[in-house]
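Novice: Given next are the chains, with one letter for each unit.
Protein chains: 2
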Amino acid sequence: MTTMTPLKNDRFLRALRREPVDATPVWLMRQAGRYLPEYRATRKQAGSFLGMAKNPDVACEVTLQPLRRFELDAAILFSDILTIPDAMGLGLYFVEGEGPKFERTVRTAADADKLGVPDMETELRYVMDAVRVIRRELDGNVPLIGFSGSPWTLACYMVQGGGSKDFALIKAMALNDPATLHKLLSVNTDAVIAYLAAQRAAGAQALQVFDTWGGVLSPAMYREFSLPYLQRIARELDRGEGNERTRRDGEAGAHTPLILFGKGTAAYLEDLADTGADGVGVDWLIELGEAAQRTQGKVALQGNLDPATLYGSPDAIRREVRRALDSYRDGNGGSRDGHVFNLGHGMSPDMDPDHVAVLVDEVHAYSAR
Amino acid sequence: MTTMTPLKNDRFLRALRREPVDATPVWLMRQAGRYLPEYRATRKQAGSFLGMAKNPDVACEVTLQPLRRFELDAAILFSDILTIPDAMGLGLYFVEGEGPKFERTVRTAADADKLGVPDMETELRYVMDAVRVIRRELDGNVPLIGFSGSPWTLACYMVQGGGSKDFALIKAMALNDPATLHKLLSVNTDAVIAYLAAQRAAGAQALQVFDTWGGVLSPAMYREFSLPYLQRIARELDRGEGNERTRRDGEAGAHTPLILFGKGTAAYLEDLADTGADGVGVDWLIELGEAAQRTQGKVALQGNLDPATLYGSPDAIRREVRRALDSYRDGNGGSRDGHVFNLGHGMSPDMDPDHVAVLVDEVHAYSAR
Numbered sequence: 306m307t308t309m310t311p312l313k314n315d316r317f318l319r320a321l322r323r324e325p326v327d328a329t330p331v332w333l334m335r336q337a338g339r340y341l342p343e344y345r346a347t348r349k350q351a352g353s354f355l356g357m358a359k360n361p362d363v364a365c366e367v368t369l370q371p372l373r374r375f376e377l378d379a380a381i382l383f384s385d386i387l388t389i390p391d392a393m394g395l396g397l398y399f400v401e402g403e404g405p406k407f408e409r410t411v412r413t414a415a416d417a418d419k420l421g422v423p424d425m426e427t428e429l430r431y432v433m434d435a436v437r438v439i440r441r442e443l444d445g446n447v448p449l450i451g452f453s454g455s456p457w458t459l460a461c462y463m464v465q466g467g468g469s470k471d472f473a474l475i476k477a478m479a480l481n482d483p484a485t486l487h488k489l490l491s492v493n494t495d496a497v498i499a500y501l502a503a504q505r506a507a508g509a510q511a512l513q514v515f516d517t518w519g520g521v522l523s524p525a526m527y528r529e530f531s532l533p534y535l536q537r538i539a540r541e542l543d544r545g546e547g548n549e550r551t552r553r554d555g556e557a558g559a560h561t562p563l564i565l566f567g568k569g570t571a572a573y574l575e576d577l578a579d580t581g582a583d584g585v586g587v588d589w590l591i592e593l594g595e596a597a598q599r600t601q602g603k604v605a606l607q608g609n610l611d612p613a614t615l616y617g618s619p620d621a622i623r624r625e626v627r628r629a630l631d632s633y634r635d636g637n638g639g640s641r642d643g644h645v646f647n648l649g650h651g652m653s654p655d656m657d658p659d660h661v662a663v664l665v666d667e668v669h670a671y672s673a674r
Numbered sequence: 306m307t308t309m310t311p312l313k314n315d316r317f318l319r320a321l322r323r324e325p326v327d328a329t330p331v332w333l334m335r336q337a338g339r340y341l342p343e344y345r346a347t348r349k350q351a352g353s354f355l356g357m358a359k360n361p362d363v364a365c366e367v368t369l370q371p372l373r374r375f376e377l378d379a380a381i382l383f384s385d386i387l388t389i390p391d392a393m394g395l396g397l398y399f400v401e402g403e404g405p406k407f408e409r410t411v412r413t414a415a416d417a418d419k420l421g422v423p424d425m426e427t428e429l430r431y432v433m434d435a436v437r438v439i440r441r442e443l444d445g446n447v448p449l450i451g452f453s454g455s456p457w458t459l460a461c462y463m464v465q466g467g468g469s470k471d472f473a474l475i476k477a478m479a480l481n482d483p484a485t486l487h488k489l490l491s492v493n494t495d496a497v498i499a500y501l502a503a504q505r506a507a508g509a510q511a512l513q514v515f516d517t518w519g520g521v522l523s524p525a526m527y528r529e530f531s532l533p534y535l536q537r538i539a540r541e542l543d544r545g546e547g548n549e550r551t552r553r554d555g556e557a558g559a560h561t562p563l564i565l566f567g568k569g570t571a572a573y574l575e576d577l578a579d580t581g582a583d584g585v586g587v588d589w590l591i592e593l594g595e596a597a598q599r600t601q602g603k604v605a606l607q608g609n610l611d612p613a614t615l616y617g618s619p620d621a622i623r624r625e626v627r628r629a630l631d632s633y634r635d636g637n638g639g640s641r642d643g644h645v646f647n648l649g650h651g652m653s654p655d656m657d658p659d660h661v662a663v664l665v666d667e668v669h670a671y672s673a674r
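For the protein sequence lines, the chains are A and C, in the order given. So the first sequence is numbered by this note's numbering: it starts at 306 and just counts up by one. So the second sequence is numbered by this note's numbering: it starts at 306 and just counts up by one.
One or more of the hints may lead you astray.
In silico DSSO-like pairs for lysine-lysine, Cα to Cα no more than 27 Å straight-line [to be verified]: (1) K488(C) / K406(C); (2) K406(A) / K349(A); (3) K568(C) / K470(A); (4) K359(A) / K406(A); (5) K419(C) / K359(C); (6) K406(A) / K470(C); (7) K406(A) / K470(A); (8) K568(C) / K406(C); (9) K568(A) / K470(C); (10) K488(C) / K470(C); (11) K406(C) / K349(C); (12) K470(A) / K406(C); (13) K488(C) / K419(C); (14) K488(A) / K419(A); (15) K568(A) / K568(C); (16) K406(A) / K488(A); (17) K359(A) / K349(A); (18) K406(A) / K419(A); (19) K470(C) / K470(A); (20) K603(C) / K568(C); (21) K349(C) / K470(A); (22) K488(C) / K568(C); (23) K470(C) / K349(A); (24) K470(A) / K568(A).
Just so you have them, the derived chain A footprint on chain C, three or more residues with Cβ under 8 Å [claimed, not checked]: (25) 464-477; (26) 523-529; (27) 604-618.
FRET-style restraints, in silico, Cβ to Cβ [stated by the list, open to error]: (28) G639(C) / R540(A): 34 to 42 Å; (29) P658(A) / A346(C): 50 to 58 Å; (30) R528(A) / E343(C): 34 to 42 Å.
Because the hints were derived from the structure by calculation, they are not lab data. Just so you know, even glycine gets a beta-carbon here, dropped at the ideal spot from N, CA and C.
Model the full structure from these sequences, guided by the hints.
Specialist: Okay, structure coming up:
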């Protein structure tokens, strides 16, 4: 264990508490990724994506790479959203150009019965070690975000055995055998809570849940199979924190904020704002001002530039950044407080690092006026 | 030209006029497709998808196949949404498992300048011939729906050169060179209007525009690059009809209803209902009752079962059908009028035809009670 230095840049954490900031904080989903030549070089050396994620020193190096280039206000743990089902024994692997796959799937009640919550400091020790190494190397410059996939999103991959266009198998399970799906979602939720709590104990200063596939569900199914489990995470993670006070960053007992990000789930903003989470991440399919109005200051909002904006010219990027900043402010009663700037989804490998610099600098310059 | 017999089943057209019906009409997007063994047999003979679409007799055969199995209340022309850009000279082709592609793309102002509205009775004669053959063979059993892709959705394929996950190229054009994109959308709109009017003149009794990719846009971009062109289609198609009265079905001057379908565009329901279109097609990401409340009886609504429901058991399918029917009724002041039952998106090749029969029969049986 290392002694932690005080945080030099706390804009991100202040914004999540909806406190005033000198400029709107910004980080970008998948900011550590293939669009950076130094990432590609590290990956070539490491051999594979999972090889990088499972080596704490390499994960740390990759986490820090974008921070050396850009004035980002937060770091996010380099890892995969599917570490939990991998640790449950499903056998995560990657096929080039096809995304993640599992050797074993969960299709029946018997499959679901076999699953248990992994032990965080043995089976997922590599993640906690990465958190510890990154915290040490960040040296208090910016806060570190830990994360997990949502119970529903994990279940999508566990049932389908990989990505999907139509989620036919898990939707069939939802229709024909909802009890098995709830059993799966329940063990996933237990695991996500333990996983996020362990990342927090290891030093993560904020936590984000990615409900990447929440938006493929009908409202009735979202309210049955995704939302209740997000609600439980927000509730139990907070309670665990209050009881344990196990954080090691010299601010024992301080609250570690939770952000719920959903893709295509703007219809449920009010529900997400009522979960008790500190922040809600929104994609670009809604005006940020409308999102601010609908959430009524109950949460901070994170987002929401269309990632494709980075394919625009520097002038276009600046214009769209200003538009998003002003939309938030206008919907938030004239104040920029409570806004964490981000994309509405992750970055892509063919994006230009110079354009990221334009975006990050414009967020700070324009919001500081 | 043939003399048309009176329509034996006008439930679909009555529902689009929001008139009372004996049972809620139903048809399914991509009801003529690979899930039917007889379709696969026809396709094997024809050699290719485009070979089928470009042969009016084969297109007719395939259009009629689902009607022989199921009590569907409408037929939809078997064709592709990309016939217009193909006729503009872009060279449509299909790669097995990869979807549609174009040999030539539209990336610059010079590319856009070269495009013109195709001549409907020469360059797209095969479509109009198919409409005429199908109308004759339908013999008045159910109405025939003609269709087109939306200007924005056509533009997506024309700029990207095929399908896309992120629509990077067309979004970059929207950001960096909006004038060229508007030029492209404008010629597409002229072509769509001429195309739909020609299908109407050839005998189509209803028309649907598929804005398949409208939902990938931010609200600001949707309102700049998709919605205004849908509005123009609704306005000018109607005006053309009033002026020309060229329809050949013995009901000269009768209005041919227009349906605007959008995937992921539930946020714009009010705008779509105000276009002057007769019906709005909605996907499964919104409760039909909420859609009915928000559109206030200005339009008929078409939808909106998640296609994946067809992977459920017969009991689950019946339950979900009843839920959608009741949701519409509850949001529509207790009346089932003005509802055309459909899926929220197209069918998939691995669906079970027996399940389609369950769905269609349940729509009629339950709504007739």
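Novice: Compare the structure with each hint and give your call.
Specialist: Going down the list of hints, with the structure as the test:
no.	hint	in the structure
1	K488(C) / K406(C)	holds, 22 Å
2	K406(A) / K349(A)	holds, 21 Å
3	K568(C) / K470(A)	holds, 14 Å
4	K359(A) / K406(A)	holds, 17 Å
5	K419(C) / K359(C)	holds, 24 Å
6	K406(A) / K470(C)	holds, 19 Å
7	K406(A) / K470(A)	holds, 14 Å
8	K568(C) / K406(C)	holds, 21 Å
9	K568(A) / K470(C)	holds, 14 Å
10	K488(C) / K470(C)	holds, 24 Å
11	K406(C) / K349(C)	holds, 21 Å
12	K470(A) / K406(C)	holds, 19 Å
13	K488(C) / K419(C)	holds, 11 Å
14	K488(A) / K419(A)	holds, 11 Å
15	K568(A) / K568(C)	holds, 15 Å
16	K406(A) / K488(A)	holds, 22 Å
17	K359(A) / K349(A)	holds, 15 Å
18	K406(A) / K419(A)	holds, 19 Å
19	K470(C) / K470(A)	holds, 11 Å
20	K603(C) / K568(C)	holds, 20 Å
21	K349(C) / K470(A)	holds, 26 Å
22	K488(C) / K568(C)	holds, 24 Å
23	K470(C) / K349(A)	holds, 26 Å
24	K470(A) / K568(A)	holds, 15 Å
25	464-477	holds (count 6)
26	523-529	holds (count 4)
27	604-618	holds (count 7)
28	G639(C) / R540(A): 34 to 42 Å	holds, 38 Å
29	P658(A) / A346(C): 50 to 58 Å	holds, 53 Å
30	R528(A) / E343(C): 34 to 42 Å	holds, 39 Å
Of the hints listed earlier, there is not a single one the structure fails to meet.
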